[in-house]
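Asker: Listed below, chain by chain, are the residues.
There are 2 protein chains.
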Amino acid sequence: MSYQDFTNEEIETAMQQAWEAFHIYRKFSLAQRAAFMKAIAIELENAGDELIQTVMRESHLPEARMRGERARTIFQLNSYAEACERGTWLDARIDTAIADKTPPKPDIRKMLVPLGPVVVFGASNFPFAYSTAGGDTACAFAAGCPVIVKAHPAHAETSEMVAKAILTAADKCNMPKGIFTHVHGTSFEVGKALVMHPHTKAVGFTGSYLGGKQLFDWGNQRKEPIPVFSEMGSVNPVFLMPEKLDTGASEIAQQYAGSITLGVGQFCTNPGIIIGIESEALKTFIHDLGKAIQKIEPALMLHQGITENYKKNKGNALLQEEVHLVAESEYLQGSETLPKLAGIPTIATATGQAFLNNPVLHQEVFGPYAIIIRCKDMNEMIAVAKNLEGQLTSTLMATDNDITENDKLVEAVKNICGRFILNGVPTGVEVCLSQHHGGPFPASTDSRFGSVGADGIRRFARPIAFQNWSNVLLPDELKDENPLGIWRTVNDELTKAAV
Amino acid sequence: MSYQDFTNEEIETAMQQAWEAFHIYRKFSLAQRAAFMKAIAIELENAGDELIQTVMRESHLPEARMRGERARTIFQLNSYAEACERGTWLDARIDTAIADKTPPKPDIRKMLVPLGPVVVFGASNFPFAYSTAGGDTACAFAAGCPVIVKAHPAHAETSEMVAKAILTAADKCNMPKGIFTHVHGTSFEVGKALVMHPHTKAVGFTGSYLGGKQLFDWGNQRKEPIPVFSEMGSVNPVFLMPEKLDTGASEIAQQYAGSITLGVGQFCTNPGIIIGIESEALKTFIHDLGKAIQKIEPALMLHQGITENYKKNKGNALLQEEVHLVAESEYLQGSETLPKLAGIPTIATATGQAFLNNPVLHQEVFGPYAIIIRCKDMNEMIAVAKNLEGQLTSTLMATDNDITENDKLVEAVKNICGRFILNGVPTGVEVCLSQHHGGPFPASTDSRFGSVGADGIRRFARPIAFQNWSNVLLPDELKDENPLGIWRTVNDELTKAAV
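Quick mapping for you: the protein sequence lines, in order, are chains A and B. 3 is the number of the first residue of the first sequence in my numbering; add one for each residue after it. 3 is the number of the first residue of the second sequence in my numbering; add one for each residue after it.
Just so you know, the hints here were simulated from the structure itself, not pulled from any lab data. Accuracy of the hints is not assured; some may be wrong.
Each pair may be met inside one copy or between any two copies, as identical chains are not told apart.
Result set (DSS-like, lysine-lysine): computed pairs, CA atoms no more than 27 Å apart in a straight line [what the hints assert, rightly or not]:
{"#": "1", "residue 1": "K410", "residue 2": "K481"}
{"#": "2", "residue 1": "K297", "residue 2": "K285"}
{"#": "3", "residue 1": "K29", "residue 2": "K40"}
{"#": "4", "residue 1": "K107", "residue 2": "K498"}
Using the sequences and the accompanying hints, generate a full structural model.
Answerer: Below is the structure:
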């Protein structure tokens with residue numbers, strides 16, 4: 003199935019409608035927004051097996067994964083809807099007047115209001131959870147913003163079906179025309195036109211560095227700059243601390259063979275660099291990881307572009323003089339029969355010195371690939387940590403002793419990441435309020451916000467302070483009697499009480 | 003008194019020291035940060051009359067204003083210190099593990115951590131409250147960030163004295179070397195070098211559009227882009243609604259004569275555009291405002307650059323064919339004796355149509371100047387509101403009827419501003435949590451954050467999520483027992499209880 007790129011005229015119409023919808027939708031109550039989001043979740047479920055078959059065909063991802071991802075997307079919509087209605091994210095604050103202060107202190111009340119139409123770019127590696135009705139879309143609707151989705155061409159038909167589910171829900175909930183628009187586009191001009199349109203007030207993106215950085219630059223080059231939240235992935239370093247490695251090299255190797263190859267390595271949280279200190283235990287780890295990787299069957303990657311990039315970037319890494327191949331999937335032996343889109347699990351290794359000297363080794367190889375960096379001692383491990391760019395996640399495999407005795411390493415690792423994992427794997431991103439899926443640049447363009455969890459709603463809202471308004475004229479969220487029963491900070495104290 | 007511009011070598015040294023200080027200071031407790039901020043407040047008080055005399059000489063602002071501004075700056079430091087210690091701003095969130103979920107849900111806990119060294123540019127119009135030890139500096143210290151202040155050349159000696167107060171406090175509180183650096187610079191190269199330095203992680207600025215936008219562009223053009231919070235002022239439109247004006251044109255005129263000329267009009271919240279609908283009441287308002295303005299004595303502006311810009315921009319506005327002078331200060335009559343730096347209070351008027359057709363009339367004239375826009379009807383007033391750029395504040399002078407009967411106008415005005423005032427004046431920015439001093443671009447570069455009130459602390463911090471950490475290894479803020487007694491969201495419920 004192929005779709006025509008949107009023309010400039012169609013984009014103009016879509017943005018005009020989104021702008022008009024914004025002025026209606028932003029006045030809808032939290033309950034109305036939540037009901038709309040829950041209705042989308044129901045329509046996604048209603049899309050049934052046909053949706054699953056379609057996404058499997060387009061993405062080459064297996065059925066269990068896609069059923070799980072749809073369930074996760076439905077959970078996102080429902081849980082962000084609940085968070086929306088709970089209203090804590092509004093950061094409602096009330097300071098009551100003090101007439102006898104000099105000068106008199108006025109009554110001031112503040113809450114978040116929506117920014118305006120949000121453009122969301124679908125991600126190829128999450129056809130449901132980070133695409134058409136995914137996390138960015140759910141956050142924008144919760145914030146009170148209309149959404150314009152640019153479908154990812156790799157799953158345009160899936161995207162079209164999800165868009166229909168959203169529009170059906172919109173219809174059932176009496177949403178204004180323009181609340182949601184689905185835009186097809188394979189050329190970069192479509193994306194640029196959407197980002198540059200004066201009615202666009204924010205952008206959400208999950209994908210490659212090149213794509214995300216380009217959108218960010220466009221957003222800042224506008225006459226009126228807008229926030230662009232690009233989540234651009236990272237190498238998610240894993241530090242194998244000495245005591246821990248001594249006691250469990252083989253187990254960790256098994257655990258990581260699974261994490262490195264999960265979903266053919268196509269997760270932003272895929273562990274791409276594993277750092278250890280030269281030792282017998284590290285040798286065991288490398289040996290066992292290699293053995294495990296050999297036994298993992300290559301699977302189909304998402305699309306041709308990703309597969310070609312994987313081959314190219316992996317080839318480039320392995321071409322570096324200091325990099326040695328440890329193991330590839332044994333299924334390589336019948337490689338002439340391997341499908342063109344297969345991503346071959348691969349492990350390589352290099353020294354800490356090589357890593358410090360060669361920036362090529364820092365680069366993400368998106369796919370089932372990891373490089374093990376062998377440091378000569380803890381000081382070199384610290385140097386490696388300080389040399390790493392911003393990351394979505396960092397992981398320590400460590401005993402309590404490893405942690406307490408290596409404060410410098412722990413602090414250096416903490417300083418570069420958005421999520422800091424102890425004795426686990428970075429793949430698997432739990433959807434909950436305490437989650438943070440973001441990180442210092444270049445992991446994301448704004449380290450202060452993440453794209454998983456209901457705190458992501460705040461990306462698409464701004465504060466407004468009402469000064470000296472009478473109770474009857476204030477929005478419900480800020481009225482004396484707290485009719486919505488939300489948490490508010492009243493004269494510096496958090497409370498649900500009336501004023 | 004004149005100071006040498008910092009050399010590149012001095013900037014490099016300062017940034018290295020700030021970077022080293024960051025790694026120490028970010029581990030200091032909330033209580034230690036708060037104690038440091040309170041110590042600065044004490045040293046500011048200790049700087050005594052000499053500081054007041056110095057700032058009066060450099061800024062030409064009167065004694066009462068400067069004593070008041072110092073008191074406000076001390077209040078900011080103390081109240082942000084209390085907010086820092088209260089810890090609600092950390093957005094601590096805890097989701098506890100659910101072992102029997104498929105896959106098992108890990109324990110995840112999130113809080114804000116400091117970004118890194120923050121560069122603050124002093125503002126000429128607030129030598130205390132938005133300069134060396136001002137709001138941006140206080141927020142950065144609360145967040146856990148070292149600060150590098152670029153002194154405003156117009157009050158370099160005042161800035162030097164305040165810097166000494168900060169360094170004395172740092173000494174008394176055993177702060178690390180590099181926690182605070184005071185940089186002089188009259189050339190733009192000094193500012194650029196500070197913003198572009200790789201160790202700089204955020205920038206705070208209050209001042210002109212040209213200056214603030216330049217810093218923002220530099221921040222985004224870096225290899226690692228950083229957030230630049232420029233508060234760039236606005237024209238702060240005031241809408242005179244028909245019923246309200248009918249009942250009190252003269253009183254409103256008196257009130258606004260004071261607001262327009264307060265501090266020689268040198269506030270970012272100075273009302274620069276007043277919009278009414280043609281009527282007898284509007285004629286009365288214009289007449290009475292003109293009379294009142296005639297009686298206000300010109301006072302000295304902050305420095306030569308500001309005075310010259312005021313004359314130039316006002317001259318340019320009055321040159322427009324459609325703009326008519328209403329009144330200037332009568333003290334003009336002795337103009338040959340007027341000091342060179344005097345800012346002459348001035349009122350002009352134009353039609354709504356002229357405003358809609360001529361973008362020159364939208365521009366801020368920084369100083370004691372306002373233009374009254376006479377609309378032919380409510381529809382034209384709405385068109386004017388929709389044509390306005392982003393604003394720090396908007397004000398409605400309105401009865402309840404005016405509000406409820408003119409929803410379109412109210413919504414259009416609300417959509418462009420950060421603070422929405424009813425029946426008051428925009429000048430006078432109360433320092434409290436519910437305050438919002440910021441607004442849609444070009445009022446500020448990031449409408450989601452403001453520079454007054456303790457919520458400004460969040461500008462300089464980012465979330466980090468700890469996954470699967472044992473209680474003993476977690477930061478105090480996230481430990482089960484909640485030793486700091488802060489508000490936290492535990493499994494979606496706000497509470498101070500232990501886990």
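Asker: How would you label the pair K29, K40 (within, between, both, or neither) given a Cα cut-off of 27 Å?
Answerer: within (19 Å within a copy, 42 Å between copies)
Asker: How would you classify K107 and K498 at a CA-CA limit of 27 Å: within, between, both, or neither?
Answerer: Within. Shortest intra-copy distance 23 Å satisfies the 27 Å Cα cut-off; inter-copy 30 Å does not.
Asker: Between K410 and K481, at a C-alpha cutoff of 27 Å, which is it: within one copy, between copies, both, or neither?
Answerer: For K410 and K481, only the inter-copy Cα distance (21 Å) is at most 27 Å; the intra-copy one is 50 Å.
Asker: From the Cα coordinates, with 27 Å as the cut-off, is the pair K297 and K285 best called within, between, both, or neither?
Answerer: within (19 Å within a copy, 87 Å between copies)
Comparing the model with each numbered hint stated earlier shows that all of them hold.
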